[in-house]
Amino acid sequence: MLLRRITKHVKDQNWFAVALDFFIVVFGVFVGLQVQQWAVEQDTRQREDIYIERLHGETILLIEQRKSNLESRITNKDALLSAHHKLFGDDNIFEFAPEECRTLGVITFMSDLTTDIPVLTELLSAGELNVIRSTELRTSLVQLVQFTARTKDALDGINRGTINLQQKYPEFISVKMDLEVLNNSEYILQAECKTQDMRKNVAFLNDFVEGHLRYGAYVEGVVLPISARLNELHALLDSELSITHEEEAK
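The opening position of the sequence shown corresponds to residue 27 in this note's numbering, with each subsequent residue numbered one higher.
These are calculated hints, taken from the structure and not from any lab test.
Glycine residues also receive a C-beta, built at the ideal position from the N, C-alpha and C atoms.
Accuracy of the hints is not assured; some may be wrong.
No more than 25 Å apart at the CA atoms, straight line, and that leaves these computed lysine to any residue pairs for SDA-like [stated by the list, open to error]:
| id | residue 1 | residue 2 |
| --- | --- | --- |
| 1 | K220 | Q192 |
| 2 | K93 | E154 |
| 3 | K178 | N95 |
Computed beta-carbon distance windows for the label pairs [unchecked claim]:
| id | residue 1 | residue 2 | range |
| --- | --- | --- | --- |
| 4 | D75 | G187 | 37 to 43 Å |
| 5 | D75 | R186 | 22 to 28 Å |
| 6 | S268 | A180 | 19 to 25 Å |
| 7 | S94 | A243 | 33 to 39 Å |
| 8 | F120 | E79 | 54 to 60 Å |
| 9 | F173 | G153 | 28 to 34 Å |
| 10 | E162 | G58 | 51 to 57 Å |
| 11 | T161 | P251 | 21 to 27 Å |
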């Protein structure tokens with residue numbers, strides 16, 4: 027219909043009407059493109075909101091899942107330091123406390139604590155990371171993925187050649203496992219150590235020092251840095267969602 031009008035106006039040499047018709051066409055196309063762009067932008071913002079909500083929820087869940095394991099790793103590291111002082115110190119405290127002895131039985135178990143955030147994997151695999159407008163948040167997500175990959179390589183190196191002290195020195199360490207039912211079934215490692223005999227055995231002392239160094243590298247270089255990055259990510263997501271947790275408000 028519009029084309030017929032333009033043709034008629036050209037034949038009639040009504041140039042004002044022709045110009046007006048072209049203006050209507052151009053303006054209509056412009057408005058149509060703007061509406062389409064607005065619709066695309068609205069869809070993108072809705073996807074961003076959904077992704078950020080999911081990232082926030084899954085990050086909190088991951089931090090909670092890691093909490094008890096994180097605390098046990100820190101406890102083990104502190105117990106190893108205390109045991110080190112008793113093995114190499116000049117004081118007369120020769121016997122290990124139960125937690126120090128027990129730690130000798132677990133220092134070879136340096137596992138990769140859970141680091142998976144499913145929605146982050148989804149974002150990356152779908153190429154949707156740019157949906158998130160915040161440069162700081164995008165950078166934090168990418169750095170978390172990269173750092174996690176590096177720490178897995180580091181953990182492989184730390185675990186390579188570890189020495190199981192209770193297997194190599196059964197005359198110094200004996201362990202057994204009991205089940206205690208609390209809220210869930212948890213295994214409790216019971217251990218007995220002959221601390222004075224350990225202090226006299228150079229080979230054991232050398233292997234203990236190596237195990238102590240490895241476990242320290244594991245906690246300080248793998249476990250704690252990832253937890254710190256997860257906490258930073260949580261804070262950024264709180265900021266994006268304008269969330270203030272009750273404990274932060276006190």
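Hints, one by one, checked against the model:
1. K220 x Q192: Cα-Cα ~12 Å, so holds.
2. K93 x E154: violated (30 Å)
3. K178 x N95: holds (17 Å)
4. D75 x G187: 37 to 43 Å: At 49 Å between Cβs, range violated.
5. D75 x R186: 22 to 28 Å: violated (44 Å)
6. S268 x A180: 19 to 25 Å: violated (36 Å)
7. S94 x A243: 33 to 39 Å: This hint is violated: roughly 22 Å between Cβ atoms.
8. F120 x E79: 54 to 60 Å: holds (56 Å)
9. F173 x G153: 28 to 34 Å: With Cβ atoms ~21 Å apart, the hint is violated.
10. E162 x G58: 51 to 57 Å: At roughly 35 Å between Cβ atoms, G58 and E162 fall outside 51 to 57 Å, so the hint is violated.
11. T161 x P251: 21 to 27 Å: holds (22 Å)
Hint violations for this structure: numbers 2, 4, 5, 6, 7, 9 and 10, all remaining hints satisfied.
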